[in-house]
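Got chain A sorted already, so can you dock chain B onto it with the hints?
Just so you know, the protein sequences line up as chains A and B, in that order.
Using the working numbering, you'd call the opening residue of the first sequence number 9 and step up by one each time.
Using the working numbering, you'd call the opening residue of the second sequence number 276 and step up by one each time.
What the hints contain is simulated information worked out from the structure, not anything from laboratory work.
Among the hints, erroneous ones may be present.
In the DSS-like style, the derived pairs of lysine-lysine whose C-alpha atoms are separated by at most 25 angstroms in a straight line are [stated by the list, open to error]:
| hint | chain 1 | residue 1 | chain 2 | residue 2 |
| --- | --- | --- | --- | --- |
| 1 | A | 122 | B | 288 |
| 2 | B | 574 | A | 281 |
| 3 | B | 282 | A | 355 |
| 4 | B | 574 | B | 722 |
| 5 | B | 610 | A | 281 |
One side of the interface only, derived from the structure: several residues of chain B facing chain A at Cβ under 10 angstroms [as the list claims (entries may be wrong)]:
| hint | residue |
| --- | --- |
| 6 | 289 |
| 7 | 317 |
| 8 | 325 |
| 9 | 471 |
| 10 | 550 |
| 11 | 637 |
| 12 | 660 |
Output of the computed footprint for chain A on chain B, the stretches with three or more beta carbons under 8 angstroms from beta carbons of chain A [to be verified]:
| hint | stretch |
| --- | --- |
| 13 | 298–307 |
| 14 | 310–316 |
| 15 | 365–379 |
| 16 | 638–648 |
Using N, Cα and C, we set each Cβ at its ideal position, and we do this for glycine too.
Chain by chain, the residues:
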Amino acid sequence: MISSIILSAMMAFIIFFFVILMNNFAPAAVLYGLFLLFLFVRMTFAENKKSGSGVIYRRIFQTVFAVGFCIAFISDLYDERGSMAITSQAMSNSELPFCHIAIPQVLVPLLVTKNIIFPARISGHYASVASMILIWLVCTLTVGRGWCSWICFYGGWEEGFSHVAKKPRLKLLPRNKELREFHFGFFFFIILASLCELACIYCEWFCPFKLVTEFSPVNSIPSLIATVMFIGLFLGLVVVLPILTKKRTQCSSLCPFGAFASLTDRFSIFQMKIDTEKCSGCMKCASTCPFSAIDIKTIQEKKGHPEITCAKCGECVSVCPNKAISYEFRFKKNMTACGCGHNSKPKTAAGRVIQQLLHPASLFRFAAFSFAVIMSSDFMIKSLNLIAGFFGGSK
Amino acid sequence: MNMTIKKIRYSWKVFAAVFSCFFGISLFFIFSSVPQQFIGNFLHVDPSYTGGLVCSDFIDAIDDDKGAGGLLEIRYPLNKTFEEGCLDLVRYTVHQPVTNARWQQSSEYWQLSLEYKSGPASVRNILIYIDSDNIEDGSTQPLFDSAEKVIFDDAHPWDFALWICDGQGKLYDSKGDFICNTEYYSLNNETKINIRIPLRDKKVQKLLGSGKTWHYVLTGAYSQFDRGGFMPVEKKSAMAHGGMKNSKEYNALIPPLYDIAGSNDSLASWNRDTFEKAKLSPLEAKMTAGKKSKSEKEKNEAFINQVKEEYAKSQKTSLPQDKSTDENLTFYKEKITSNPEDYVSLAYYGSYLAVKGGESSVMTAVALVNESYTYLDKAAQLAAGKEGEIEVLMNRASVSASVPEQVFGKSAVGAEDFMRIVSLTDDASLKAYCYVMAYECYLKCGKETQAILALQEAQKMVQLKE
Numbered sequence: 009m010i011s012s013i014i015l016s017a018m019m020a021f022i023i024f025f026f027v028i029l030m031n032n033f034a035p036a037a038v039l040y041g042l043f044l045l046f047l048f049v050r051m052t053f054a055e056n057k058k059s060g061s062g063v064i065y066r067r068i069f070q071t072v073f074a075v076g077f078c079i080a081f082i083s084d085l086y087d088e089r090g091s092m093a094i095t096s097q098a099m100s101n102s103e104l105p106f107c108h109i110a111i112p113q114v115l116v117p118l119l120v121t122k123n124i125i126f127p128a129r130i131s132g133h134y135a136s137v138a139s140m141i142l143i144w145l146v147c148t149l150t151v152g153r154g155w156c157s158w159i160c161f162y163g164g165w166e167e168g169f170s171h172v173a174k175k176p177r178l179k180l181l182p183r184n185k186e187l188r189e190f191h192f193g194f195f196f197f198i199i200l201a202s203l204c205e206l207a208c209i210y211c212e213w214f215c216p217f218k219l220v221t222e223f224s225p226v227n228s229i230p231s232l233i234a235t236v237m238f239i240g241l242f243l244g245l246v247v248v249l250p251i252l253t254k255k256r257t258q259c260s261s262l263c264p265f266g267a268f269a270s271l272t273d274r275f276s277i278f279q280m281k282i283d284t285e286k287c288s289g290c291m292k293c294a295s296t297c298p299f300s301a302i303d304i305k306t307i308q309e310k311k312g313h314p315e316i317t318c319a320k321c322g323e324c325v326s327v328c329p330n331k332a333i334s335y336e337f338r339f340k341k342n343m344t345a346c347g348c349g350h351n352s353k354p355k356t357a358a359g360r361v362i363q364q365l366l367h368p369a370s371l372f373r374f375a376a377f378s379f380a381v382i383m384s385s386d387f388m389i390k391s392l393n394l395i396a397g398f399f400g401g402s403k
Numbered sequence: 276m277n278m279t280i281k282k283i284r285y286s287w288k289v290f291a292a293v294f295s296c297f298f299g300i301s302l303f304f305i306f307s308s309v310p311q312q313f314i315g316n317f318l319h320v321d322p323s324y325t326g327g328l329v330c331s332d333f334i335d336a337i338d339d340d341k342g343a344g345g346l347l348e349i350r351y352p353l354n355k356t357f358e359e360g361c362l363d364l365v366r367y368t369v370h371q372p373v374t375n376a377r378w379q380q381s382s383e384y385w386q387l388s389l390e391y392k393s394g395p396a397s398v399r400n401i402l403i404y405i406d407s408d409n410i411e412d413g414s415t416q417p418l419f420d421s422a423e424k425v426i427f428d429d430a431h432p433w434d435f436a437l438w439i440c441d442g443q444g445k446l447y448d449s450k451g452d453f454i455c456n457t458e459y460y461s462l463n464n465e466t467k468i469n470i471r472i473p474l475r476d477k478k479v480q481k482l483l484g485s486g487k488t489w490h491y492v493l494t495g496a497y498s499q500f501d502r503g504g505f506m507p508v509e510k511k512s513a514m515a516h517g518g519m520k521n522s523k524e525y526n527a528l529i530p531p532l533y534d535i536a537g538s539n540d541s542l543a544s545w546n547r548d549t550f551e552k553a554k555l556s557p558l559e560a561k562m563t564a565g566k567k568s569k570s571e572k573e574k575n576e577a578f579i580n581q582v583k584e585e586y587a588k589s590q591k592t593s594l595p596q597d598k599s600t601d602e603n604l605t606f607y608k609e610k611i612t613s614n615p616e617d618y619v620s621l622a623y624y625g626s627y628l629a630v631k632g633g634e635s636s637v638m639t640a641v642a643l644v645n646e647s648y649t650y651l652d653k654a655a656q657l658a659a660g661k662e663g664e665i666e667v668l669m670n671r672a673s674v675s676a677s678v679p680e681q682v683f684g685k686s687a688v689g690a691e692d693f694m695r696i697v698s699l700t701d702d703a704s705l706k707a708y709c710y711v712m713a714y715e716c717y718l719k720c721g722k723e724t725q726a727i728l729a730l731q732e733a734q735k736m737v738q739l740k741e
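This is chain A alone, in the form it adopts within the complex:
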């Protein structure tokens, strides 16, 4: 209880500074700040009561952020260019927004050609190359692939659609391994193709989120084919399949950033652990995992952790009846507080509070939510202002 209060107070401080103070106490900023604080407090107290019960607040945040980002981003495009279409002017002046999905596509060509193969601003803008690469670096070291489940403003669409239906109509669990193999195979194809073409192939042909951000005008056969592809992929992988399977199908099968983040997740501080002694093999975690990171074999072979594509969303923690799944430090190994191999509980109340505060689950949630607060503030405040302006104007 006390640790939850302390964590909530610290998060309130971050929300106050980054959301309210940085936006000069604007009404939309105050409203959004209160909303964020509500989510975090509810999540923290819920987790304190029952491990994993706070995931609903993560889902709410990510879905709301995806919609808000789309509104704010499209509005920015209209302000800059007058449409959602990518103009030759923006392309020739290197003014395209650089998104995180382009990062893996530009890194290998960067090593070879020493140039960024994307027409974006290098710095001085929220969607600049330097800005996104730095955010990716810090994210990798802290939450790792937790970006996908806590912060990604595209993944929120699938997060929302995957919770529309009560039960899955299609079961992907037996195909988890093939799905992961396809995901990494596609990832390496994209990297090689981008290196050969010296252009971001995924952005050009496959990215389904062009439908909710920006796209090339349809003025030739190749651009028509690309348009059909991205609309089809959005409808199929972002809308229909998540509804049918209750999984994040685009994130777990197509997104190159997701595959890349899985590979670099080994550098993050946190990982998920499955206590094989507590695990009863009920497979509820495997059925629930939106990223197809837990197979039948993962449980049967008692691996002790989900597969490489785990995005640390916490859904498996919420469904496990034996509390066998938890967050832990990657560097923990067999270390315990006294180093003797036995778990020791603090004897004082202050010691128990500190232990709860320093628990990997608390730290991970705090880090991920901090990232989410800071990344989302400008977009959400802008979208709230636009919505208020729309309804205020229509009256």
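Just chain B now, kept in the frame of chain A:
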């Protein structure tokens, strides 16, 4: 012993994890502009997206859009569309031809960039004549015969003429035959024009093999009713034509050109007695990109530091330094309370608030700087056109130059304020200082051309002073 070392290592790792999660992420975002700028120095967008590597970059004198300048001066038409500086070419850039470009309208093209002091672009009639070292023949006569009233250097007859007007570019060969349309991009409030010549035509593809090209860049006023699109110059300016500053100097041989790349003096080289038109000399441009010299950057830095030191010395000798920030705040607060319209005190109060912000924690700093701008902006508004405006603007500009661009985005405001001070003062050393500060502000907000021009002006001021 082993266990103790393991325990210590583990404790440090936990400490690092806790610090990163609780504070590290927030601190990263607060100070992200610093590593961003650092990384930005090492990253470059592939040149095929940005128009190709820069081969030659010519900075033209500012405020020389008067035809032949000191020799013969022509004035803009009276039409209000002709804003001051819209025909003043300040920078001309020749890029290396690009091949195998992705996501571009043409996969092979050659980009030329022109920058003007101000917009709009619709009033400009631009002709660029290009001579290539690997193409023989060429012409020394202009594309539109009597329209431009100039001829070209016999040593460099042009092979291609690029006509830019009315939002489009057209390429012609030396016989006057149309070759192709070019891509035309008007950027930065119509002050910058990027022209991309597609390298599809066989004649144009020869440029890929050239080592040097020579360019005549002519800027006139656009008129759709006149030959070649050049609005003529008569004795006096009117709505439909430009005029002479001194109508007695008018002659039918005067070229209707307001600015050319390079020295404008050649625009007065016509001869009335022999009916010879003005003969122009081209700019020589390499067709391969060279490396930027570090020594020039170091020279610039040394110059900037020298100007700042001299200004700081002059300020130390004139201003008392005995009060603390809080004392100054109290002092100016009392003055503002007794006279809310005292704009000088408002400016100093705002300034000292920002100084106090710099001495406080990050959170307080943001609040104080935001508050300081309410006073500084009000002071600037009240001081406009009055005595003490320089002092007020200097306060606001100095704060704008000091605060992080990523957080407050005030560098553009600061640059404008410094340039305004330059226009208000006659003090050469103050002008030099303001130009140098404007240079830094322009660089921060990504306006490289304006930054270079400001630095050049600062160098001129220092030379004048000496």
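Evaluated hints:
1. A/122 - B/288: 34 angstroms, violated
2. B/574 - A/281: 58 angstroms, violated
3. B/282 - A/355: 20 angstroms, holds
4. B/574 - B/722: 20 angstroms, holds
5. B/610 - A/281: 65 angstroms, violated
6. 289: 7 angstroms, holds
7. 317: Nearest chain A Cβ about 9 angstroms off; hint holds.
8. 325: The hint holds - residue 325 of chain B has a Cβ within 10 angstroms of chain A, the shortest such distance being about 5 angstroms.
9. 471: 7 angstroms, holds
10. 550: Violated, because the Cβ-Cβ distance from residue 550 of chain B to chain A comes to roughly 44 angstroms (cut-off 10 angstroms).
11. 637: At 8 angstroms from the nearest chain A Cβ, residue 637 of chain B passes the 10 angstroms test, so the hint holds.
12. 660: Nearest chain A Cβ about 29 angstroms off; hint violated.
13. 298–307: With 6 residues in contact (Cβ-Cβ under 8 angstroms with chain A), the coverage given for the stretch 298–307 of chain B holds.
14. 310–316: Satisfied; 5 residues make the cut.
15. 365–379: holds (count 4)
16. 638–648: holds (count 4)
Checked against the numbered hints above, the structure violates hints 1, 2, 5, 10, 12; every other hint is satisfied.
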